[in-house]
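Undergrad: The residues making up each chain are set out below.
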Amino acid sequence: MNTGRRLIEFKGVRKVYGKGTASMQALRGVDLAIDEGEFVAIMGPSGSGKSTSMNILGCLDTPTSGLYSFKGVDVGKLDRTQRALLRRYYQGFVFQGFNLLNRTSALENVELPLIYRGTQARQRREQALNALETVGLKGWESHTPGELSGGQQQRVAIARAIVTKPAVLLADEPTGNLDTARSREIMELLNTLNSTDGITIIMITHEPDMAAYAKRVIHFRDGLVETDKQNGRAD
Amino acid sequence: MLWNTILLALRAIRRNILRSFLTVLGIVIGVAAVITMVTIGRGATVQVQQQIASMGSNMLMLVPGKRLGPGQSSGSAPFKISDADAIAKEIGSIVAVAPVSSQSVMAIFGNQNWTTQVTGTNNQYLKVTNRSIRGGREFSDSELRSGAAVCIIGETVRKKLFGGQGGLEEKIRLQKLSCDVIGLLEAKGQSSMGMDQDDIVVIPLSAFQRRISGNQDVSMIQLSVKQDASTEKAQSDIRTLMRERRHLSASDDDNFNVMDMKEIAKMLTGTTQLLTALLSAVAAVSLLVGGIGIMNIMLVSVTERIREIGVRLAIGALEYDVLMQFLVEAVVLSSLGGLIGIALATAGSFFAARLMQVPYIFNPGINVLAFLFSAAIGIIFGFFPARRAARLDPIDALRHE
Ligand SMILES: Nc1ncnc2c1ncn2[C@@H]1O[C@H](COP(=O)(O)OP(=O)(O)OP(=O)(O)O)[C@@H](O)[C@H]1O
Ligand SMILES: [Mg+2]
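Protein chains in written order, with the numbering used here: chain G, 1 to 235; chain E, 1 to 401.
Quick caveat, the hints were computed from the structure, so don't treat them as lab data. One should not assume that every hint holds.
So these bits of chain G aren't anywhere near chain E, every CB distance computed over 12 Å [stated by the list, open to error]:
1. Arg28
2. Asn55
3. Leu60
4. Arg80
5. Asn102
6. Leu178
7. Asp222
Looking from chain G toward chain E, a few residues come up when the C-beta cut is under 10 Å (computed) [as the list claims (entries may be wrong)]:
8. Gly12
9. Val16
10. Gly18
11. Gln91
12. Leu100
13. Arg117
14. Arg122
15. Gly176
Here a beta-carbon is modelled for each residue, glycine too, at the ideal position from N, C-alpha and C.
Given the sequences, and given the hints that come with them, work out the whole structure.
TA: Here's what the structure looks like:
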């Protein structure tokens, strides 16, 4: 269900950390194009630049050089506030380490992006409850992250990322901390979000089993795209 | 949105309730102190004004010394009885003249003793100060002239020496002077500045000069102006007369001062107001210290919550949202401190007013002002930490520790 419209484009994206002799090239000229409705898995060895790319995609970081355009807009030309607004209205981010707010209930964690969108309290609650139900956490609304298992926390993080029905869901190792059964549940969930809600999904994973759920797999190596293949898996 | 932010702030404050309380303690104390000072000061001022009003507006007071300002004067030669006589004779608009000298003396009756204010004057004194005799009689002309050993005593002295009963016709001793009690003064209660006006023994001026002070000085002259005459005119007449009598040349400044009630009120309230202002300044410093405390704790709070700030920024909060979050937290914190301070001050000034026997006058203005001021402290001292939080880079904040 590729609608064909270009969502994301990287042209010669470089990212250099540090300066001078101590500098380190995390990305060395990445070219990439992702269309709306795609489900992409990004793989590659540790340190190959996956998270760096993801942070740039999520407008959290800026490339040292090269072009990043989102929905045809040159993100490099946006200021801090405009990038924040882009995150607010188009992107959902699942962080590598969950990054939920402690001592704050699951429901309130999920409501957070809606607060910044200015959604009214009642609607906010309703949408957050729906999102939690979608990730299978009905009944766990009032639990704080400390009272939830790793898998449940990961699902709260996903609920928070999808509650706004973003154009794209960016997930950095969403199954990194989970056992296989839990991981499969999450993958099924992402698959549903992609096929039913039409949310573009870009996900980093180390596990080929999980990458198999995606329709396209991109391999990174040493800060460059090594391979970029459509998955044979039909659905 | 603002309401959400306030709830969020309240929650953050409750999470560290002890720390929050200690942080606002400076504000609490500052606000409570300022309000209490001002309330008590106001009460004292009002009391002085009421007392003065009860004395009548037609009183003048002639005191030696240059005038320097409220509550101050410099020493100068005292007056003589002849000055009082001259005023009585030459200035038509004056109805009563009382030359007054007084000194603190121990009064003794039997085995009771009590240190009191002995005032040497004449019968006019009662008229000028609006007092009356409730038992016995005034001095006779011959007693005044000869300086007879007779006295009129105030209610407090009567209580202390005679246990509140009798006293008339008894003999009390004032230093070397043994005198007959011929009259009892009507009680008048406490004066402004907390002085007991009934703690007094009045004796003829000539007796006072001869037997108590041992000189011919008159320390001040109190006068009553005719009801319908102008006090300004009387004041300037007295001034001209006194300049002449004290041999002042045109270039000399006055070395005496004719005060009317307004000026006396100013003199009396001046001291209170000066004191209030001073103490309020001290209290204001504690508010400043409180503000710095808030800034400090907000900086700590921002550092502790860097990851949270990163998450918020990453999921769509703008710099402005984070700025508001921390600013509101600081303002809520300091305003809560202000409210606690107001509650404390209300109770405190009520009891302090009781204790100091000044009227308690609730002053809405100072309470509102103190509250706004405490909120303003939150804004001023919360701004820097809040801006620091808002300017964090989301990716750095997320990576933090
Ligand atoms: N903030 C940083 N400062 C300096 N170097 C960094 C920083 N972030 C990443 N790097 C370096 O950039 C390279 C790519 O890092 P990145 O996090 O993108 O790897 P990754 O592919 O996500 O690895 P992993 O699978 O372990 O998460 C690594 O060599 C890393 O050391
Ligand atoms: Mg990574």
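Undergrad: Next, verify each hint and record whether it holds.
TA: Tested hints:
1. Distance check on arginine 28 of chain G: its Cβ is at least 20 Å (rounded) from any Cβ of chain E, clearing the 12 Å threshold; non-interface status holds.
2. Once the 12 Å rule is applied to beta carbons, asparagine 55 of chain G is inconsistent with being away from chain E; the minimum gap is 6 Å.
3. Remark: the non-interface label on leucine 60 of chain G conflicts with the geometry, its nearest Cβ contact in chain E lying 5 Å away (cut-off 12 Å).
4. Not every C-beta of chain E lies more than 12 Å from that of arginine 80 of chain G, the closest at about 7 Å, which undercuts listing it as non-interface.
5. A beta-carbon of chain E comes within 12 Å of the beta-carbon of asparagine 102 of chain G; the shortest separation is about 8 Å.
6. At roughly 21 Å from the closest C-beta of chain E, the C-beta of leucine 178 of chain G stays outside 12 Å, upholding its exclusion from the interface.
7. Once the 12 Å rule is applied to beta carbons, aspartate 222 of chain G is consistent with being away from chain E; the minimum gap is 22 Å.
8. Nearest Cβ of chain E to the Cβ of glycine 12 of chain G: about 21 Å, over the 10 Å cut. The hint is violated.
9. Hint on valine 16 of chain G is violated. Least Cβ distance to chain E is approximately 15 Å, over the 10 Å limit.
10. For glycine 18 of chain G, the suggested interface contact is broken, since its CB lies about 14 Å from the closest CB of chain E, more than 10 Å.
11. Taken as an interface hint, glutamine 91 of chain G checks out: its beta carbon lies about 9 Å from the nearest beta carbon of chain E, inside 10 Å.
12. Taking 10 Å as the C-beta cut-off, the interface hint given for leucine 100 of chain G holds, the closest approach to chain E being about 8 Å.
13. Here the hint on arginine 117 of chain G is kept, as its CB sits about 7 Å from the closest CB of chain E, short of 10 Å.
14. Contact between arginine 122 of chain G and chain E, as hinted, is not supported at the beta carbon level, the nearest pair being about 13 Å apart and thus beyond 10 Å.
15. Using the Cβ-Cβ criterion of 10 Å, the hint placing glycine 176 of chain G at the interface with chain E is not satisfied: the shortest such distance is roughly 16 Å.
Violated hints, listed in ascending order, are 2, 3, 4, 5, 8, 9, 10, 14, 15; each of the other numbered hints is respected by the structure.
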